[in-house]
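J.: What follows is each chain in one-letter form.
2 protein chains.
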Amino acid sequence: MSDQAPKTLVAQGGGPTAVINQSLVGVVQEARRIWPGGAVYGARHGVRGIINEDFIDLSQETQASLERVAATPAAALGSTRDKPDAAYCAEIFKVLRAHEITQFFYIGGNDSSDTVRIVSERAQADGYALRCVHIPKTIDNDLVENDHTPGFASAARFVAQAFAGANLDNAALPGIYLGVVMGRHAGFLSAAAAAARSFPDDGPHLVYVPEKIFEMPQFLAEVKAVHARLGRCVIAVSEGIHDASGKSIAEQLASTVERDAHGNVQLSGSGALADLLCEQIKQQLGLKRVRGDTLGYLQRSFLGCVSEVDQREAREVGERAVQYAAHGGRDGSVAIKRIGDYQAGYALLPLTAVAGKTRVMEPHLLSAEGNDVAPAFLHYLRPLLGAPLSPVGRLQAPAVAKRLAKA
Amino acid sequence: MSDQAPKTLVAQGGGPTAVINQSLVGVVQEARRIWPGGAVYGARHGVRGIINEDFIDLSQETQASLERVAATPAAALGSTRDKPDAAYCAEIFKVLRAHEITQFFYIGGNDSSDTVRIVSERAQADGYALRCVHIPKTIDNDLVENDHTPGFASAARFVAQAFAGANLDNAALPGIYLGVVMGRHAGFLSAAAAAARSFPDDGPHLVYVPEKIFEMPQFLAEVKAVHARLGRCVIAVSEGIHDASGKSIAEQLASTVERDAHGNVQLSGSGALADLLCEQIKQQLGLKRVRGDTLGYLQRSFLGCVSEVDQREAREVGERAVQYAAHGGRDGSVAIKRIGDYQAGYALLPLTAVAGKTRVMEPHLLSAEGNDVAPAFLHYLRPLLGAPLSPVGRLQAPAVAKRLAKA
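Those protein sequences? They're chains A and B, same order as listed. Per the working numbering, the very first residue in the first sequence carries number 4; after that it's consecutive. Per the working numbering, the very first residue in the second sequence carries number 4; after that it's consecutive.
So that you can see chain A by itself, here it is in the shape it has in the complex (with noise of 0.2 Å):
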């Protein structure tokens, strides 16, 4: 460590989430606490922030403006698609050295972890004093090693309440309803639809994730059993369901295919899939009133739908990582732990334990014949989701006698 006072740095990566800017706060708050003598600097847009030199000084925000950030959406930072190789790394280390900055957080998802890692890494060959923590987010809920992840509950509170809605238009105006969600490799986001049934006969009625391989004619055959007992049928599909061979139905799709700086291709910000999946229901079931929605952006970043747990750990999440690089000997990952039912604990783990991982559905979250949750899944993700959502009425009153009976 230098002499002088502590210098943090701090940046957001990866998509941004309802409640990234909560463990933002977090780390600025803590590390003005902890640090009072030192600097709290936030990179704009991430890494590449860091190697333009693109700091503010966070030192000099007033907590009314950091509250007010902290209940915003999105990343207030702003945020970026790059992946740091080694030649990035090495301008990294320049403007750090420079700015004597010796701790960083990074918030982000497994691509970020794996940022974070790298540049731990640099630092110890370098022999240059940094610590580095990374700071968990993602609403696909894809870290390894984490019960969940901040921006998770969020968005899954979002998708249920669209597809408690969608449930009741439909069960209105009857036919095939369709929503498309979030989700590459983890079905988790999709999974959170199921949270929108009270009743029994309540959609979704069918929920595909990308854990379970995605066979058409399987897919026609259970939602035209669906239609013939219930006359509608509500479908959650998660947009990177996959055929046996592991191209997805979106891919198959894309006549042209736009891929980011990790190579994951977009599959965001089309209407595609959801349209070919309807396409299908009209042609090969002969249904009418077949609609399909893609949820898109409003997932992550719809305005005034958060859950509160999610909120709340988001903050400590990055209170802890202070607390961590303060006193925690070594760099790692933020990591929530699940205790008792329901309460939440933090680790530190080893960056190596986390980076570029990626965790999908457990098999027990899943039911066996692949087309729905298991109710361990709701179990789990109940006490996420904060309040408990809008109730919901059914008119209950008995049916009056025809005089005419014609129909």
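I should point out that these hints are in silico values taken from the structure, not numbers from a laboratory. Nothing here was measured: the structure is a model prediction, and the numbers come from that model. Be aware that a few hints might be false.
Unchecked claim - Under the rule of at most 20 Å between Cα atoms (straight-line distance), these lysine to aspartate or glutamate pairs were calculated in the EDC-like manner:
1. Lys215(B) x Asp375(B)
2. Lys405(B) x Glu254(A)
3. Lys405(A) x Asp60(B)
4. Lys97(B) x Glu70(B)
5. Lys405(A) x Glu94(B)
6. Lys291(B) x Glu254(A)
7. Lys405(A) x Asp57(B)
8. Lys405(B) x Glu365(A)
9. Lys405(B) x Glu103(A)
10. Lys285(B) x Glu254(A)
For chain A, the structure is supplied; the task is to place chain B on it using the hints.
T.: Just chain B now, with coordinates in the frame of chain A:
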């Protein structure tokens, strides 16, 4: 009128909304209060439920159940897209006579008001004593002679919250974001996206409504200009935008077009329009990170996004309808009028004043350029949205001096 106790029939038609059940419950509660010895029937799935004698006896519904139903989105009785012709009406009367119905309340949009008109005229022609009252409902806000319609404000609130979040997301990961909003002929709901702005450079930066002719070259030039100025652009587009010949841009795209019983092209339930416009921006402007969402059915059904002003007024139009039926002395359509700033007044319009007519945005509500709303629209909309949207914060901290000044 029959010597017997009055018999009330209520039904819901057209697209569901977040508050149409408030109007239903307003009718039921007020009818039970005013005609205590009478019966209150509900027809399941609108006029189709009438010809099928598919009635439930709402006299036997508890207050607790009614209040739960009132707070539930979609249409608790079920809805329909059927539009009765003369033959259909003959069937309706056969059933109404057989059940000795004396009051008929139909909650719906301008298609439904036309149904009520036909039924009312038929009843008069047949000398059957039937009081018919249309109760307004539509997220499109397209009923003439109404300041606004129940259901619009809650959908508008959803659209505003969606664009507020999308704007923040777009600022964090800059690029182009385009959201397609419901609205076939009237742009009110798309215009509500403008209520998402709080900072001067907040999106949506461009708003396109069906009231203005959509020209692709002009659209692309406007997107390019905003992107050049801000490095990003958020765009709200009505699904009903059309070219100078009146042909909708969505319809130009669709290889096969689905029409409902009213001859309306099915515009919702597909992401095609957003995808086409994004493709144009990518190809013609060469911009990266172009993302399109279609807000879809969530706009009218999302659970837990509601304007309490809308809820209150939707309840009252139901209650007023019963009051008018009991004391108004003629058939008609209930309308909301604006009194002062802001109070809602109510009136009973002749059915012919509303039925089958479509209101569009008045010119003074739109900017002269035709790609935004005018301040008058924001003034008009704000009191309808209910509680203020969640406040949004931005970091205000000063920049840190560069030490390497590479970039």
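J.: Could you run down the list of hints and mark each one as holding or not?
T.: Now the hints, each set against the structure:
Proposed proximity of Lys215(B) and Asp375(B) is supported: the alpha carbons are some 10 Å apart, at most 20 Å. Between Lys405(B) and Glu254(A), the direct Cα distance comes to roughly 43 Å. Violation of the 20 Å bound is thereby established for this hinted pair. Proximity of Lys405(A) to Asp60(B) is assessed by CA-CA distance (about 12 Å); at most 20 Å being required, the pair is judged to hold. The hinted pair formed by Lys97(B) and Glu70(B) fails the criterion: a straight-line CA distance of about 33 Å is larger than 20 Å.
At most 20 Å may separate the alpha-carbon atoms for a hinted pair to count; Lys405(A) and Glu94(B) meet this at roughly 14 Å. Straight-line distance between C-alpha atoms of Lys291(B) and Glu254(A) comes to about 19 Å, which keeps the hinted pair within the 20 Å bound. Restraint check for Lys405(A) and Asp57(B): satisfied, since their Cα atoms lie roughly 8 Å apart, inside the 20 Å limit. For the hint pairing Lys405(B) with Glu365(A), the CA-to-CA distance comes to about 47 Å; that exceeds 20 Å, so the pair is violated.
Proximity of Lys405(B) to Glu103(A) is assessed by CA-CA distance (about 12 Å); at most 20 Å being required, the pair is judged to hold. Our distance criterion of 20 Å between C-alpha atoms is met by Lys285(B) and Glu254(A), whose separation comes to about 19 Å.
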